[in-house]
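Engineer: Dock chain B against chain A, hints included.
From first to last, the protein sequence lines stand for chains A and B.
Position 116, counted from 1, in the first sequence is what numbering that gives the first Met the number 0 calls 115; the numbers after and before it change by one each time, with no gaps.
Position 65, counted from 1, in the second sequence is what numbering that gives the first Met the number 0 calls 64; the numbers after and before it change by one each time, with no gaps.
Not one of these hints is a red herring.
Restricting the straight-line Cα-Cα distance to at most 35 angstroms, the calculated cross-link-like pairs of lysine-lysine (DSBU-like) are: (1) A:Lys33 to B:Lys130; (2) A:Lys33 to B:Lys120; (3) B:Lys156 to A:Lys109.
If you're looking for bench data, these hints aren't it; they were derived computationally from the structure.
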Amino acid sequence: MDELELLKRDWKKDEDTKYPQLSYKEIYNMILKKSSSIVKWIFIISLLEFIFWLFISFALKDADFNKRFETYHADKIMTPFIVLGYLILVYFFYRFYKNYKTISATDNAKILMENILKTRRTVKQYVGFNLIYLAISTFIVLGIQFNRDKEMISLLDKASANGEALKFYALIILITAVALAIFIAFILGFYYLIYGILLKRLNKNYRELRRLEV
Amino acid sequence: MKKELEHSFVEKLEKNQNIVHKVCRIYTNNQEAHNDLFQEITIQLWKAYPKFRGDSKFSTWMYRVGLNTAITLYRKRKRSITTEDFSAFQYKIKSEPYDDTEEEQLKLLYKAVHQLNDIEKALVFLYLEDKNYKEISETLGITEVNARVKMNRVKTKLRTILNP
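Extracted from the complex, chain A is given alone in its bound form (with noise of 0.2 angstroms):
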């Protein structure tokens, strides 16, 4: 006989009977306790990391560094660009939670992974964008340090008497540059550990379901 079929004859034996059944009261205790499905835990990691985003542009605003910026006088060049970084997380927030909200445990097995993917995709895309914004952000305040702060321009000045204000200028970017990658490796990395962890099996089974299907 078929493996199957076995099973089935075994599966429908005794139905009625062989589960343990529980109590209308024990049903209705379980309907008010909390879920710890993977959708809040999704939710509640990205929260963190959008708070943690604005943390960082709260912290970076009150640092010594950010008043010695505000002899350089560059607010023009650099309100837009604070004023757009906040603009995009509005922008990235709200396709977030348009996301979360569509994700419903009535939906077909396939769309609801795709649904749940998708939030976290937003999430992602936010990560990359902040890194950019950073890198770019680095290099813009960098080119006005070269031009307005008082200090670089007196080491620039020595520099170039001894005719090395081109090695100076690669010191200064290179150093820039290392100290950016490593940061930008290290939140990478911590990102895709937890980003690993949570979505591993999910990742699995809609492999599995996509595979087949074109």
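Structural biologist: Same frame as chain A, now just chain B:
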């Protein structure tokens, strides 16, 4: 209003709870995990209940939410002992005993089912529940042809696990 909703939901679930037990039976292999998954499916059903329109049968709707929870939404609360063998986890004793070889074969079969991946388990579950390929494909979001192909692969896979 909320009380009414709660009452109608709990009543329906109490009547149809075997569906949830059966999903748990396929996806878990000890009592603790069974209860944990049962709990999560109940919560997900309850959360989705306001959107249940009644244009499908409550039981049909339960299959979908139950499987979605087992395959996608559920995250184990504790990473505790899962070593306990399925056969050690007893469901109520059967009314008439099978002969020994069949009994042995069944034990092996259940063990083999637990070695399948989450999607394959869903296919086996829906098959055991007499769902046709149309329903299987609609629940999982794949085409009917692929549901058939996958089911045949599952059968082959089970056979290989049983007769290595």
